[in-house]
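Enquirer: Sequence:
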Amino acid sequence: MEKKFIIIGSGVAAVNAAKTIREYDKESNIFIFGEEPLLPYKRIKLSKDLYSDLHSEKVLIKKKKWYQDNHISVFINTKVVKINTDEQFIVTSNEAVFSYHKLLICTGANNRRLEINGINKKNIFTIRDMQEADELKEYLEDKESVVTIGGGVQGLETAWSIMEAGKKVSIVELAPSLMSRQLDTKSSLLLKRKIESEGVNVYLNTSIDSILGKESVTGIKVNGNYQINCDSIVYSIGVTPNTTLVHDTAIKLNRGIVVDEKMRTNIESVYAAGDVAEVNNEIEGLWATAMEQGRVAGSNMVSKTAIYKKDIPTTILNAFNVSLFSIGLVNEEQCDTTIVEEDGKEEYTRLFIKNNKIVGVISLEGVVASIPYKSAIEKQLSLEGIDLINTNISEIMSKLKEKI
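With full-length UniProt numbering, letter number 385 in the sequence shown gets 385, and the count goes up by one each step, no holes.
Watch out, some of these pointers could steer you wrong.
Here are the simulated DSBU-like pairs of lysine-lysine, each with C-alpha atoms no more than 35 Å apart in a straight line [unchecked claim]:
| id | residue 1 | residue 2 |
| --- | --- | --- |
| 1 | Lys186 | Lys221 |
| 2 | Lys19 | Lys65 |
| 3 | Lys122 | Lys45 |
Just so you know, the hints here were simulated from the structure itself, not pulled from any lab data.
Use the sequences and the hints to build the structure in full.
Expert: Next comes the structure, spelled out in structure tokens:
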């Protein structure tokens, strides 16, 4: 019987899985099902390149010809509504039935909904797919002021894109700092100052009480009585795994679809990867992670053993004329010591050290500078023999390079 590999979802995990399957298996059928009316694209472009040509081929993960050349069938605008794991078939919204030999679920995540009085008014947006991005841009064409809610990477990238389009932007964040999971207090403060120097208002420690306006937004009320006027709201406050499709199946769920290090679920023929997959009680939600998990899943689906190993968490922000990165463990309380190098203005680098090894870095040096730091962390290079008190960070890194 001819093997059929079915992949539900059209993100980078799905495409990388299909690519891997085809590398090992030249004959079997590979089907990708995506709900959106276009080929799989780079979703991370939606916030950082909001006002570029999002419909160009450059945004696609792979061009149409690649799928044709590799005999991979992509069903766009097609929603899968049912999975039968006992008889191994899926059903689409138009009642088409497809049997499978192995199934991979890459349904991704949905933006977490902002639960607040007035959230159902018009001109409130979130960006998770191409249609939402297009609707936001169309609405903002003749508008002047926008409030973006959320001080994480996606929220800041969105705010930067909108600001570059000539709109007045205010950023509202509940936490006391921007990018609070990736930055320390000082680097977050430097980032805030840089954003404000670009003409953007930044409100930290700010809770939203209500959204003002009758049918459409006219502003928000925050911290009890302060009002921020705006024409629109765009929010980005995290994501939740899209597990709806498997709720009525025997596939094990926790926060996401529970998988082992081979990306296998508790059902032998079913795998999961990307933002919907939970490995060792963790859902990472990173582009690089989704790519690797797709590769691992694809390998194991064709019986080529591959093990998923968590990569060192890396966050990059290129916005507001700032280029910063955060790598690895950047929690001071979990480290033995830290080393800081700064000029008091814009330059700032901090090493986090544990067991005489660098385990984390925060830096505003620029993304290119992240490479040697990540290498030092990956290789677990020892700092033994280096005078950490009287040696600056550049010299420390030079000495570590000698050990590679």
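Enquirer: So which of the earlier hints does this model not fit?
Expert: Of the numbered hints, all hold.
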